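**Student:** Chain by chain, the residues:
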Amino acid sequence: MDGKDFALIPNVLKYDSETIKLNPLLVNWMLIKRAQFVALFFSLGLGLALLLMIATQDIAFAWSTTLQVSPQGFHSVLVCVSSPWSFYFPSAVPSLELIEQSHYFRLGDNLSQKMINDASSLGAWWKFLLCATIFYAIFLRFCLYLLSVLGFQLAITKSILSMEGVKQILEDMNEPIISTHAIESMDSYEVVHTGELQIIDAFRDSYNGVQGWAMPVEKLLVLNDILSINSQVLYEVGGTNSLKVDSEIIAKSQGEILLYVKGWEPPTMDFIDYLEELLIEVDRVTVMPIGTEENSYIPMPKSIEVWSRKLALLEHNKVYFKHFTQGSDI
Amino acid sequence: MIDSHPQFAVVGHPNKGKSSIVSALALDDSVHISDVPGTTTKQRSFPLKVDGVILYELLDTPGFQRARRVLAWLQKHEVSADKRQDIVQKFINVHQFDPKFNDEIQLLTPVMAGAGIIYVVDASKPYGEEYEAEMEILRWTGQPSMALLNHIEDTDYSVQWKRALGQYFKMVRTFNPMKTDRLQHISILESMSQLKEEWIAPVKKSIVLFERYQKQMIHQSASKISRLLEESLGLIEKRSCDSDKVEEKDKEAVEIQYKSHLRLLEKETQKKIEKIWNHASVKKEQALLTFDELDLFSEESAAVFGLTRKELMITGVTSGAMTGAGIDLVFAGHTLLLGGIIGAVVGGTGAYFGFKELSEIKVLGQRVGTYSVQIGPMKNKNFPYILLGRAIFHAYHIATRSHAIRDIEDLSMDSTLKEQWLTDTLRKSLESSHKIFRSGDTIGVEVGESYTLLVEDILEKLIQRIEE
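Order-wise, the sequence lines are chains A and B. Taken in order, the first sequence gives residues 0 to 329; the numbers are from numbering that gives the first Met the number 0. Taken in order, the second sequence gives residues 0 to 467; the numbers are from numbering that gives the first Met the number 0.
Watch out, some of these pointers could steer you wrong.
Mimicking DSS-like on lysine-lysine, the simulated pairs with C-alpha atoms at most 25 Å apart in a straight line are [stated by the list, open to error]:
1. A:Lys166 - B:Lys75
2. B:Lys161 - A:Lys218
3. B:Lys75 - A:Lys243
4. A:Lys166 - B:Lys270
5. A:Lys166 - B:Lys271
6. B:Lys178 - A:Lys301
7. B:Lys460 - A:Lys166
8. B:Lys89 - A:Lys243
9. B:Lys434 - A:Lys166
10. B:Lys434 - A:Lys157
11. A:Lys317 - B:Lys99
12. B:Lys89 - A:Lys166
13. B:Lys274 - A:Lys166
14. B:Lys99 - A:Lys243
15. A:Lys166 - B:Lys161
Worth flagging that the hints you see were computed from the coordinates, not collected in a lab. These figures come from a predicted structure and were not determined experimentally.
Assemble the whole structure, with the sequences as input and the hints as a guide.
**Tutor:** Here is the structure:
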């Protein structure tokens, strides 16, 4: 809206009028209300002025017309006009006699001594004039003002509904509030990467033992064959072994151990426990993640990263890491 | 203690997608998902709440770390089957403050409190016997359970997994959290309800509410899009200048200001829509969907999302003819229907020549000696379609995006989506609203509402289509 649109609206709304966005309907009703308010005060002033005149001056009222209107006809019109207050203030309804007495003619017989004689009764009109002012000027204006207030309120309601967010609030009030997310925020847990992992490039000619974490011996034979690893001592560790069986295998282990792990499975604390116990007994453990059979046992780079990161955290000088890539080892 | 609402603990081996499943089922993208095992260290609750009342609760738990040790401890107390639950409870009590078994305590505590078990495995990797200790522990708890086959990668070992899981779980279902949709979601909820008879009613109620929630989200998104169109098309940008002789730089400046305001409105709406669909995690640094190198005002944007010159002409002709026909109607056809014809010609040519032009730039005299240059409301007939097309494209992808996905979506933007929803009839309905929006007047609530309904219908149909 332009600033000029606000010329007739209250000062308080003119403030920052460049940024205020008002519904035109609301602006219309604002103007109507204000106009009715001003007119009501004007009417009140009119009524007050009349009262002052009645109190301070002698008002003589006479009527005349160019038209052929008889006092009886004029009386019936005034009775009709006075009907709103005739029940409460019958004296404020001009009588036929008063009308006849106050009929003024420029010429003719009726400009008579009689009218001059009745001059004192001409002041009796003031009640009618006051009631007419109160009812038609003040009361009806007041009604119009009330109507404008009502219209303004309705316009406010309507314009509020068109505001952004209000519709949303109403919908929220009528619709059930559904939420599925967590109540509390999550504490992010990041593994701090410390320690260096000893990575080897080539296998030894032979190992004192080859073990597979949750891997059957048959699988170890296949892997040894593929990688040309020499070792007569093969064990499956972890998996369905009992802890006691694993302890016995550890007790029998010595020298340098090649430990195959499933690259796609993450290193659990169960594995770490086993490795730590094994490291007490042996000189060196080379951990090698392998991939799935379908992937020719080549592990995914992501799983190599997961395993190497976990083993690096051990910071153990007996732990070595070996990974192979396609074409280099197989 | 058994709570009055059903609880479901999502448990399993580390790094098998438990958090992804919870994220997808709870429609919450704030769940920390990582390929680093052991990221989840504490159980976390995701309740489905309706007006503050919890209907069911999902619990994300850490993975088993020392399953064999736990099982060994349990088996040391060899008891009859009816006492096994007590032994599991005893394990929790004894090891409650033992950091060694923190993860097991975190996952077993809700289970022993009455939560149903949802055991998650990755069926894209081969089955391993090391899982048996975990499954045996869960059997010891005696709680109702089901297994979910998650597929983190494309390979499939479902057959061997199903064979093994079938021995421990009565129900084995497949659920891919990365590709989940409403129907798959509901199907899993239905399976969960079957775990216990008294859970059927609350979970069924949740399904009804979940569908209502989806409708609410579509409606809210449509309302935001409608508001975007209304605000953007009616936008007026002003800039003060020194004289009534407007220089080219003033024109350029006001146009830049106008365009950046429009871009901002679009961006804000996108954010609001992402929030509606719970895709606005505060931890996210980048926008989910980027229209990189596809600016709102680029030629490409017009080509992908806007109407073709021919479509624009047809739209212009139709709307012009309708206005003209109104004049004919007023004069009861005494215009020999010329109104309709002239309206069509004017509308059609206007649309043709106004293909690139945004809006006219006017100079306004204000107080003595001060002038301002003004641009807007939008006159370009194609712009509303570009803006609406982009908004629908964005909302559709957000609505169908799984909450388990953490990557930025790589979207191929072409006009195929537009072809699915923009019909001739719809274009006519849209155009009549665009005309009102472009008028720059304050728009009645009913106009905005009818536009919202049109957009809602488009989104609903697009989302339903993907489910089919």
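**Student:** If a hint holds in the structure, say so; if it does not, say that too.
**Tutor:** A quick look at each hint next to the structure:
1. Pair hint Lys166 (chain A) plus Lys75 (chain B) does not hold up; C-alpha atoms about 64 Å apart against a cutoff of 25 Å.
2. Straight-line distance between C-alpha atoms of Lys161 (chain B) and Lys218 (chain A) comes to about 22 Å, which keeps the hinted pair within the 25 Å bound.
3. Between Lys75 (chain B) and Lys243 (chain A) the CA atoms are separated by roughly 13 Å; this keeps the pair inside 25 Å, and the hint holds.
4. Distance hint between Lys166 (chain A) and Lys270 (chain B) is fulfilled; the C-alpha atoms sit about 19 Å from each other, no more than 25 Å.
5. The suggested pairing of Lys166 (chain A) with Lys271 (chain B) holds, with an alpha-carbon distance near 15 Å, which does not exceed 25 Å.
6. Only pairs whose Cα atoms come within 25 Å are accepted, and Lys178 (chain B) paired with Lys301 (chain A) is accepted, the gap being roughly 22 Å.
7. With a C-alpha separation of about 24 Å, the suggested pairing of Lys460 (chain B) with Lys166 (chain A) holds against the 25 Å cut-off.
8. Pair hint Lys89 (chain B) plus Lys243 (chain A) holds up; C-alpha atoms about 23 Å apart against a cutoff of 25 Å.
9. Taking the CA atoms of Lys434 (chain B) and Lys166 (chain A), the gap is about 23 Å. The hint holds against a cut of 25 Å.
10. A hinted pair counts as satisfied when its Cα atoms are at most 25 Å apart, and Lys434 (chain B) with Lys157 (chain A) qualifies at roughly 22 Å.
11. For the given pair, Lys317 (chain A) sits about 24 Å from Lys99 (chain B) by alpha-carbon distance, which is consistent with the 25 Å threshold.
12. At roughly 55 Å between alpha-carbon atoms, Lys89 (chain B) and Lys166 (chain A) are farther apart than 25 Å, so this suggested pair is violated.
13. Distance restraint check for Lys274 (chain B) and Lys166 (chain A): the Cα-Cα separation of roughly 17 Å lies within the 25 Å cut-off, and the hinted pair is therefore satisfied.
14. Our distance criterion of 25 Å between C-alpha atoms is met by Lys99 (chain B) and Lys243 (chain A), whose separation comes to about 19 Å.
15. For the hint pairing Lys166 (chain A) with Lys161 (chain B), the CA-to-CA distance comes to about 50 Å; that exceeds 25 Å, so the pair is violated.
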